[in-house]
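Once you have looked at the hints, place chain B on chain A.
Each chain, letter by letter, is given below.
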Amino acid sequence: MFWQQALNGVVIGCVYTLVALGYTMVYGILGIINFAQGEIYMYGAYGAVITLGLTGNLTLSVLVGISLSCVVGVLLERVAFKPLRGLNPLISLISAIGASIFLSSSARFIFGPDERPFPIHFASHMYNFLGVDISDMQLIIIGASLLLITLLYVIVNHTKNGRAMKAVAMDAEAAMLMGIDVDKTYMFTFLIGSALSGVAGILMAIYYNTTYPTMGTLPGLKAFSAAVLGGVGSIPGAVVGGLTLGVAENLGAAYISSGFKDAFAFLALVLVLVIRPSGIMGSKR
Amino acid sequence: MTPYILHVGIIIILFSILSLSLNMAVGMAGLVSLGHAAFFGIGAYASGLMMLEGLPFIVCLLLSGIITSLFGLLLAIPSLRVKDDYLAIVTLGFGIITVIVLMNMGITGGPDGLTGIPQASVFGFDITSKPVYLVFCVSILAVMVLTTSRLKASKVGRAWAAIRDNDTVAMFMGINIYYYKILCMVISSFWAGIAGSLYAHYTGYINPMTFGMQTSIMILAMVVLGGIGSIPGSIIGAAALVILPELLRGLEANQGIFYGALLVAMMVLRPQGIMGRMKVTDIFARGGS
Chain A
0 MFWQQALNGV VIGCVYTLVA LGYTMVYGIL GIINFAQGEI YMYGAYGAVI
50 TLGLTGNLTL SVLVGISLSC VVGVLLERVA FKPLRGLNPL ISLISAIGAS
100 IFLSSSARFI FGPDERPFPI HFASHMYNFL GVDISDMQLI IIGASLLLIT
150 LLYVIVNHTK NGRAMKAVAM DAEAAMLMGI DVDKTYMFTF LIGSALSGVA
200 GILMAIYYNT TYPTMGTLPG LKAFSAAVLG GVGSIPGAVV GGLTLGVAEN
250 LGAAYISSGF KDAFAFLALV LVLVIRPSGI MGSKR
Chain B
0 MTPYILHVGI IIILFSILSL SLNMAVGMAG LVSLGHAAFF GIGAYASGLM
50 MLEGLPFIVC LLLSGIITSL FGLLLAIPSL RVKDDYLAIV TLGFGIITVI
100 VLMNMGITGG PDGLTGIPQA SVFGFDITSK PVYLVFCVSI LAVMVLTTSR
150 LKASKVGRAW AAIRDNDTVA MFMGINIYYY KILCMVISSF WAGIAGSLYA
200 HYTGYINPMT FGMQTSIMIL AMVVLGGIGS IPGSIIGAAA LVILPELLRG
250 LEANQGIFYG ALLVAMMVLR PQGIMGRMKV TDIFARGGS
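So the sequences go chain by chain: A and B. Sequential numbering of the first sequence, starting at 0, is according to numbering that gives the first Met the number 0. Sequential numbering of the second sequence, starting at 0, is according to numbering that gives the first Met the number 0.
Chain A on its own, in the form it takes in the complex:
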């Protein structure tokens, strides 16, 4: 029972991690909280579900879903954040909240308020490891997350764009003087963060077999909590925070009270911010 709940927590934690990485990169590089990350996740899921319904091609629809997330993310950066650069982070935060409401309401308008099941039913095999049941979908989520986290690590540390991101995060002005196109780096950051959230959205749409306009709100807020828990701005922190939150939430729901399941994440968020704002892995802000 304990290990089973812990495993389910790890699976959800992987999804939180993917979204939390988006939050953490945007925060680390632009210093703003992109409240609309959960909506980017939702658009990714819708992109995939609708394309799959039309064409029946899984690979194509996953690509369309990720691309839709990227388009939404980059447009968001251009419209809602770019004009506010250099102002107090609160102004960007209010703008981001507005963008988040706008995006989820638009989705409701475009796609309709009803829940949509995932068009393809995945035959579910259960494997048993040492008494813990794991489905193939859970294995896919864990595998895809590991792959993407590794990929992100390589991109950030071993590509030109990634090194530009690190430079801008340290000091945007100095980076500009060194010839780095800061604007392009911001866009690249949003692009990668949005792609990760898009993948997370698609994985969850398959896992829970449902897609709806507000599906991104709660996971978005929880992923943000995860990013803060791990230390916002830190990539390893997002991974640690996401997994910790997923496992803690599932164990809390199983052993304490399922009605308060969602409260655990936010209680953790408030406590971390108040007691140790730099999070588990973060350095002092």
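Think of the hints as simulated: they come from the structure by calculation, not from any bench. None of the hints are false.
With the Cβ distance kept under 10 Å, some of the chain A side facing chain B (calculated, not the full set):
id, residue
1, A79
2, L89
3, V269
Each pair of labels, with its calculated beta carbon distance range:
id, chain 1, residue 1, chain 2, residue 2, range
4, B, Q118, A, M186, 54 to 60 Å
5, B, I273, A, D180, 36 to 42 Å
6, B, I242, A, M125, 54 to 60 Å
7, B, P110, A, L138, 31 to 37 Å
8, B, Y178, A, T209, 46 to 52 Å
9, B, I65, A, M125, 53 to 59 Å
10, A, P112, B, V131, 35 to 41 Å
Beta carbons: idealized from backbone N, C-alpha and C, even for Gly.
This is chain B only, laid out in the frame that chain A set:
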């Protein structure tokens, strides 16, 4: 006046109290809250529960304000460690937790909420008819506007402005920033509690969903639209955001598109709001955080 117009009027007044109370924190002291509707809810539930126990309305009204301000104090003390966007997130978490607690507690009726809250009467006079209730709410708003504008012009208001502009400098000038921040949260939540009580006795029925994040954001949108820091602005913002959805009745489900676009557009184009004179970039100059 038709009952419908009176109803809209009462709702405008209640939201004016809410947006003005939030503006006290956001505009006057620079403390941004994304969980203000939680105080509204705490006031409504406190008042509803006390009224169901048989306490008279006026006592419930005052006590619910006081009880809510205790919760304000409870949130303010740990929140002193954080500011700006981090404070906003702490209050957001507080708001979400409050709704979850209201949903899961037995005494609050869980997701079904409280029903049959007795209607209001003052010293034996019935104030349940809509015109009388509207006048009652307007007089409470008037008291609030008067005290708030006096407060804004007083030593307390100047201390808040100093903290908002730069809390480090304020501290060096000898202002006890902790005391004034807590005071601001307490007064702000007191008024939100009063609004909650007025709302509970007006509708006679409350449930947790009314007091969620969407309402918090709507109140913040009223403040931002009217002008951060402006007292008439808060009332104009509240009136605009109550009336507009009424005009857009057919679009109910899609109101969010409008709200969201409005918030982004206001921040990008006119962050000082309708009534704001200062540029918000001056109000929230990026201090040496």
